[in-house]
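Student: Based on the sequences and whatever the hints tell you, model everything.
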Amino acid sequence: MVQSSVLEALTETSYVVRASHLMATTVQQDVVLLDAEAGKYYGFDAVGSDIWAELETPVLVDELCSALMEKYTGDPASIRHDVMVLLKDMLRAGLIVLCPQ
Amino acid sequence: MTCFRLCGLKVTSAFPLMHLPEWSGSETVPGLEIRAGAVPPLAGARQVSPLLQLADDGCCRFSLPDVASYLVNPDATGVVIDTALPPDASDISAFFFSTVFAIICFKRGWLPLHAASVCVNGRGVLFCGPSGAGKSTLASRFIRKGIPVLADDVSVMDFSDPDRILLRPTLPHLKLWRDIMDQCNIPPDGLTPVRNKIQKYYVPQPNVGRTPVPLSGIYYIGDSRGQGEVCQPVTGVENFMAVRCGVYRRRLGEALLSKAGLFRLVSHVAGRVPGYRLLREKTLPRADALVAEILAQGR
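First to last, the sequence lines map onto chains A and B.
Position 30 of the first sequence, counted from 1, bears residue number 30 in the working numbering, the numbering being contiguous throughout.
Position 199 of the second sequence, counted from 1, bears residue number 199 in the working numbering, the numbering being contiguous throughout.
Derived from the structure by calculation, the hints contain no laboratory data.
Treat the numbers as computed from the prediction; the structure is a model and nothing was measured.
Mixed in with the good hints there might be a few duds.
[To be verified] Heads up, simulated DSSO-like pairs for lysine-lysine below, C-alpha to C-alpha not over 30 Å straight-line: (1) LYS88(A) x LYS71(A); (2) LYS200(B) x LYS282(B); (3) LYS40(A) x LYS259(B); (4) LYS282(B) x LYS145(B); (5) LYS259(B) x LYS88(A); (6) LYS259(B) x LYS107(B); (7) LYS145(B) x LYS200(B); (8) LYS40(A) x LYS107(B); (9) LYS197(B) x LYS282(B).
[What the hints assert, rightly or not] The following residues of chain A were derived to be distant from chain B, with all beta-carbon distances above 12 Å: (10) ALA9; (11) SER14; (12) TYR15; (13) GLU70; (14) LYS71; (15) GLY74; (16) ASP75.
The C-beta atom is built at its ideal place from N, Cα and C for all residues, glycine as well.
Tutor: Okay, here's the thing in structure tokens:
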């Protein structure tokens with residue numbers, strides 16, 4: 001269980017990266033993850049898959065948001081908000097980790 | 001000892017195996033040997049379930065009280081059956097073709113799906129779903145078109161070819177309810193009932209395929225719940241989960257292969273084989289039209 005202090009530490013100046021213990025596969029445009037330790041599966045649609053692709057190596061959250069704003073049309077503030085919500089969910093589920101600054 | 005054919009393997013067996021065709025190939029070495037013998041509990045083995053043990057050396061012991069204990073060797077080339085029942089007792093065969101067969105498949109690197117399959121223009125088409133979904137019923141509609149049946153309850157995928165997924169032919173019969181047989185003009189005379197006192201029969205399929213064929217598509221069968229028949233592609237996460245849910249004896253597969261191992265096989269299938277969600281109505285009113293659509297796709 002990820003502590004709330006870790007979730008609160010996630011900001012746009014954080015570096016995040018995929019958790020190393022997960023298995024991943026791409027099926028058509030989606031990504032499916034397996035956390036074998038927890039016995040849980042996760043699925044991302046095309047947009048989530050794009051975000052997952054960006055998380056292969058440590059990435060600054062602010063730069064992640066900028067990359068997505070270049071790729072997708074939409075209100076920048078909404079995109080930033082939605083990305084932060086998704087990243088918090090992924091952090092809570094143990095799919096990503098915060099990198100030391 | 002009698003020699004049978006199962007999934008392309010030459011099987012020598014001390015037990016009569018229900019409805020398997022006799023072996024007629026040129027191979028002299030059996031791919032699977034089934035013999036009678038003592039099968040005591042495996043000392044120090046992991047108890048995966050009340051009925052199943054897994055030893056560190058890869059042996060599996062499946063034991064069903066009052067029926068038999070089955071020991072599968074590490075590479076699934078041999079099975080020992082320990083039973084007090086007569087060798088031709090139907091329960092021995094019935095449980096061999098369920099859990100023991102699944103063990104053999106997983107240990108050989110094959111992936112069994114809870115599916116009936118037919119061969120359309122040299123390519124395999126699967127109808128996947130839980131018991132009662134209508135797999136055999138739908139497969140029976142293809143028989144009327146002279147299409148060979150590859151499997152009834154369990155379809156077996158083989159990954160030995162790097163370029164395509166192959167389907168291995170399994171049991172050469174369909175289990176059909178009497179009303180479906182009546183629709184197909186198949187009389188029950190001389191046929192073995194699946195169980196006493198129910199109107200469901202093993203219907204031999206003499207036209208069954210004998211060689212593995214490439215897999216071209218999987219139809220996942222569900223109940224339309226009166227909303228009308230639907231047939232639409234499934235992709236991505238939905239396709240992956242449909243394959244995963246269709247794995248025969250999935251928990252057994254995870255125990256034998258690990259969750260990661262099964263994940264890899266399921267990923268392989270979902271990424272390469274088109275899937276379709278087929279929500280059917282009870283009476284299959286569009287069955288013939290659906291068969292025609294599938295046959296047209298196979299050309």
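Student: Hints first: check each against the structure and report whether it holds.
Tutor: Consistency of the hints with the structure:
A hinted pair counts as satisfied when its Cα atoms are at most 30 Å apart, and LYS88(A) with LYS71(A) qualifies at roughly 21 Å. Taken as a hint, the LYS200(B) and LYS282(B) pair is honoured in the structure, with Cα atoms around 17 Å apart against an allowance of 30 Å. As the CA atoms of LYS40(A) and LYS259(B) are separated by approximately 10 Å, the hinted pair is consistent with the 30 Å bound. A distance of roughly 21 Å separates the Cα atoms of LYS282(B) and LYS145(B); the hinted pair therefore holds under the 30 Å criterion.
Of the supplied pair hints, the one linking LYS259(B) and LYS88(A) holds, its CA atoms being roughly 26 Å apart against a limit of 30 Å. Using a Cα cut-off of 30 Å, the hinted pair LYS259(B) and LYS107(B) holds, with the two alpha carbons roughly 14 Å apart. About 22 Å separates the Cα atoms of LYS145(B) and LYS200(B), which keeps this hinted pair within 30 Å; it holds. For a cut-off of 30 Å, the pair hint linking LYS40(A) to LYS107(B) stands: about 24 Å separates their Cα positions.
A threshold of 30 Å between alpha carbons decides the hint, and for LYS197(B) with LYS282(B) the separation of about 23 Å falls inside it, so the pair holds. The claim that ALA9(A) is not at the interface with chain B holds, since no C-beta of that chain comes within 12 Å of its own (minimum 30 Å). Every C-beta of chain B lies more than 12 Å from that of SER14(A), the closest at about 27 Å, which supports listing it as non-interface. Annotated as non-interface, TYR15(A) keeps its C-beta farther than 12 Å from every C-beta of chain B; the closest such distance is 28 Å.
Its beta-carbon lying about 24 Å from the closest one in chain B, GLU70(A) satisfies the requirement of being farther than 12 Å from that chain. For LYS71(A), the non-interface assignment is confirmed: its Cβ lies about 19 Å from the closest Cβ of chain B, beyond the 12 Å cut-off. No beta-carbon of chain B is positioned within 12 Å of the beta-carbon of GLY74(A); the least distance is around 22 Å. The non-interface label for ASP75(A) is consistent with chain B: the shortest C-beta to C-beta separation is roughly 27 Å, beyond 12 Å.
Of the numbered hints stated above, none is contradicted by the structure.
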